[in-house]
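S.K.: Using the sequences provided together with the hints, build the complete structure.
Residue numbers (this note's numbering), protein chains in the order written: chain C, 46 to 144; chain S, 8 to 312.
By construction, these hints were calculated from the structure, which means they are not laboratory data. Take these hints with a grain of salt, some might be off.
[Stated by the list, open to error] Example chain C residues on the side facing chain S (calculated, C-beta under 8 Å, incomplete): (1) Leu76; (2) His77; (3) Ala78; (4) Ser124; (5) Asp126; (6) Lys127; (7) Val128; (8) Arg130.
From the three backbone atoms N, C-alpha and C, an ideal C-beta is built for every residue, glycine too.
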Amino acid sequence: MTDNSIDAQWPLYEVFVRGKRGLNHVHVGSLHAADDEMALRHARDVYTRRNEGVSIWVVRSNSIVASSPKEKDPFFAPSGDKVYRHPTFYEIPDNVPHM
Amino acid sequence: MTDHDSAYEGLVDADSHDQWAFGTSFDDPLAGVDTTLAPGIDGTDLAKYCLMLGDDALITAQRLAQWSTRAPELEEEVALANIGLDYLGQARLLLARAAAADSTVVPVLPDGSPIPAEDALAFFRGEPEFRNVRLVELDNGDFACTIVRLLVFSTYRLAQLHHLRSSRDPVLAAVASKGVKEVTYHRDYAARWLVTLAGGTDESRRRTEAAIRRVWPFVFELFEAHPVEQRLAAAGAGVDLSTLRAEFDSVLAQVFHAAELPEPPGAKATSVGGRAGRDGIHTEAMGYILAELQSVARAHPMGRW
Numbered sequence: 046m047t048d049n050s051i052d053a054q055w056p057l058y059e060v061f062v063r064g065k066r067g068l069n070h071v072h073v074g075s076l077h078a079a080d081d082e083m084a085l086r087h088a089r090d091v092y093t094r095r096n097e098g099v100s101i102w103v104v105r106s107n108s109i110v111a112s113s114p115k116e117k118d119p120f121f122a123p124s125g126d127k128v129y130r131h132p133t134f135y136e137i138p139d140n141v142p143h144m
Numbered sequence: 008m009t010d011h012d013s014a015y016e017g018l019v020d021a022d023s024h025d026q027w028a029f030g031t032s033f034d035d036p037l038a039g040v041d042t043t044l045a046p047g048i049d050g051t052d053l054a055k056y057c058l059m060l061g062d063d064a065l066i067t068a069q070r071l072a073q074w075s076t077r078a079p080e081l082e083e084e085v086a087l088a089n090i091g092l093d094y095l096g097q098a099r100l101l102l103a104r105a106a107a108a109d110s111t112v113v114p115v116l117p118d119g120s121p122i123p124a125e126d127a128l129a130f131f132r133g134e135p136e137f138r139n140v141r142l143v144e145l146d147n148g149d150f151a152c153t154i155v156r157l158l159v160f161s162t163y164r165l166a167q168l169h170h171l172r173s174s175r176d177p178v179l180a181a182v183a184s185k186g187v188k189e190v191t192y193h194r195d196y197a198a199r200w201l202v203t204l205a206g207g208t209d210e211s212r213r214r215t216e217a218a219i220r221r222v223w224p225f226v227f228e229l230f231e232a233h234p235v236e237q238r239l240a241a242a243g244a245g246v247d248l249s250t251l252r253a254e255f256d257s258v259l260a261q262v263f264h265a266a267e268l269p270e271p272p273g274a275k276a277t278s279v280g281g282r283a284g285r286d287g288i289h290t291e292a293m294g295y296i297l298a299e300l301q302s303v304a305r306a307h308p309m310g311r312w
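M.R.: Shown next as C-alpha cells:
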C-alpha cells in the first residue's frame with residue numbers, strides 16, 4: 046500500500062430533505078460519500094428522484110450527538126405526567142397557522 | 008401534523024400526484040401539443056433531425072442503464088440510472104416528434120399492433136436507420152471511461168439544447184427547455200468526477216488518461232454537420248454545429264485545467280467514405296446494443312407494455 050491508499054468505505058452522511066409543503070427538513074436516510082459536496086449530490090440522486098424535495102441538508106453521521114437508549118427514563122419519563130405543559134387549555138384562533 | 012412513523016410522510020402531499028414526475032400512466036407523450044410544422048421547415052428533414060437527437064439520447068440511456076448492478080457504489084449506480092432516465096425521456100419526446108413530423112420514418116408493424124410510434128422507432132429500426140453519433144455507442148469500459156464519455160456528450164448536448172430553446176419548431180424548443188435543466192446536472196456530475204479521478208490516485212489518473220485517449224477520436228464527429236443538420240440550421244429549427252465547437256472547447260478546457268490534465272489528443276477515428284453515425288454507419292458495438300435493446304420487443308410485435 047502506498048500513501049495513495051484510501052479507506053475501504055466512504056464516510057456515512059445523514060440526509061434531511063424539506064418537501065414542497067414541508068416546513069422542516071425531515072430525516073430521510075443516510076448514504077456514503079467521499080466529501081460534503083458529493084454527499085449533497087448523492088442525496089439529490091438517491092432521495093429526491095421522485096420530486097420530493099426543494100432543499101437538502103447533509104451532515105456527517107459522526108457529527109451527530111445522540112441521546113442513548115439507556116438514558117431514556119431520566120431523559121423522557123419526567124415529562125410524561127406534566128399535562129399542564131401542553132398548551133391545550135387555550136383556544137387557538139383560526140388564523141394562527143402551523144400550531 | 009407530521010407523521011413521524013414514515014420519514015416520507017412529511018415530504019409528499021397525499022392529496023396530489025405531484026410526486027410522480029411523469030404521472031402514473033404513459034399516454035401519448037405529445038398529447039395536447041401542437042405538432043403543426045412551421046412554414047419553411049421540411050417535415051422529412053425535421054424527422055431525420057429529431058432521430059439524430061433522439062438516437063443520441065436513446066443509446067446514451069441504454070449504455071448508462073448497463074451500469075445497473077455493476078456500479079462501484081450504490082449511490083453512483085442510482086446517479087447513473089437517473090441520468091440515463093433523463094436521456095430516455097428526451098429520446099421518447101424526440102422520437103415521437105420525428106413520427107409526427109414524417110410518419111414514413113416509422114417502421115411498419117403488423118395490423119392491429121398496439122405499439123406506439125416512438126416505441127416502433129426505438130425497437131424496430133435496424134442499425135443503418137439509427138442516426139446517433141458513434142461516441143455514444145462506445146463500450147462503458149471502466150468508470151473513468153463512462154465519465155469521460157458522459158462529460159463529452161453532456162457538454163455537447165447542453166450546448167445544442169441551449170440553442171434549440173429558440174428553435175422555430177415549438178416541440179423542439181419545448182424539449183430543449185426541459186432538457187437544459189437535466190443536462191446541466193449531468194455535465195456538472197461528470198466534470199466533478201473527472202476532476203476527482205484525475206486528482207485521485209496514480210491508478211485513477213492512469214485510467215482517466217487512458218479513457219480520454221479512448222474517447223477523444225470520436226469527438227470530431229459531433230461537429231461534422233450532416234446536410235440535414237445544415238438545412239435545419241438554415242431554416243432556424245436546428246443548431247449550426249460550427250457555433251458549438253468554441254463553447255464546447257472552452258467548457259472542456261476549464262474542466263481539464265481544474266483536473267490538471269494536458270490538452271486532449273487530436274486523433275480522429277476513421278469514417279467510412281466520409282460517412283459515420285449520422286449516416287447510419289456505426290461501430291461494431293452498435294449491433295450488440297440493439298440486440299439487447301430490441302430483442303424482447305421484436306419477439307412480441309403485438310405486445311402491450
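S.K.: Are the hints correct? Go through all of them and say.
M.R.: Comparing the hints with the structure gives:
no.	hint	verdict
1	Leu76	5 Å, holds
2	His77	6 Å, holds
3	Ala78	7 Å, holds
4	Ser124	17 Å, violated
5	Asp126	22 Å, violated
6	Lys127	21 Å, violated
7	Val128	19 Å, violated
8	Arg130	19 Å, violated
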